[in-house]
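Trainee: The primary structure of each chain is shown beneath.
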Amino acid sequence: DAKTTQPPSMDCAEGRAANLPCNHSTISGNEYVYWYRQIHSQGPQYIIHGLKNNETNEMASLIITEDRKSSTLILPHATLRDTAVYYCIVITPQGGKLIFGQGTELSVKP
Amino acid sequence: EPEVTQTPSHQVTQMGQEVILRCVPISNHLYFYWYRQILGQKVEFLVSFYNNEISEKSEIFDDQFSVERPDGSNFTLKIRSTKLEDSAMYFCASTPRAFAVSNYGYTFGSGTRLTVV
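Note that the protein sequences, when read in sequence, are chains L and S.
For the first sequence, this note's numbering begins at 1 and goes up steadily by one.
For the second sequence, this note's numbering begins at 111 and goes up steadily by one.
Simulated from the structure, these hints should not be mistaken for lab results.
Take these hints with a grain of salt, some might be off.
Unchecked claim - Computed list of chain S residues with no C-beta within reach of chain L, every gap over 12 Å: (1) 118; (2) 189; (3) 217; (4) 219; (5) 226.
Stated by the list, open to error - Straight-line distance between alpha carbons at most 30 Å, and here's what the computed DSS-like set of lysine-lysine pairs gives: (6) 188(S) to 52(L); (7) 193(S) to 167(S); (8) 109(L) to 193(S); (9) 152(S) to 167(S); (10) 193(S) to 69(L); (11) 52(L) to 3(L); (12) 52(L) to 193(S); (13) 3(L) to 69(L); (14) 152(S) to 69(L); (15) 193(S) to 152(S); (16) 188(S) to 167(S); (17) 188(S) to 152(S); (18) 69(L) to 52(L); (19) 3(L) to 167(S).
Yeah, the Cβ is synthetic: ideal placement off N, Cα and C, and Gly gets one too.
Working from the sequences, and respecting the hints, build out all of it.
Mentor: The structure is reproduced here in structure tokens:
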């Protein structure tokens, strides 16, 4: 699986958009980009995934660059409950194990 | 929304004892996984299980570890002789089928905190 690079930490003001970047410059053509988050030692929670098109669901939006070498997870109106570690993971459709990096620790502040 | 259930939420055991961590995956899921997270460290893959056999395991998953799906609903992780370094959060996860076909990816349980003393 391709390796991802994320900033170790970010801050965001409550109510503002949180934009979390991820670099995956060695991603293969059939690899998907998945985002998960982990709130304070709870089990990781699925957020969103995409292949090459931008995606949106009730939790977030995912913007993938045209060359697919990077992506941005957007939480449109961050709340205090969005404080968590966010993981960007690339994986093939055949699936198998998720490989977690260190992720980005997002702190949403009042 | 369906959940993956793990029991117990916290287990304390003495070094050298056997422990069994239990998981009830989502009922129509076919692929099952165990991960662990040592305090302050990243989430690490242990083992994947499909069609009643291990499909992949990590270097961490040595002979002290075993997994079983004893009755078609439970999925268990056994550690035969626990060591202090086995202290960690253990997460179970499941997926319905070929990973990227699922709109939800993995569903993780809330974890079992294992403390070896």
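Trainee: List in ascending order the numbers of the hints, as given earlier, that are violated by the structure.
Mentor: 3, 4, 6, 8, 10 and 12
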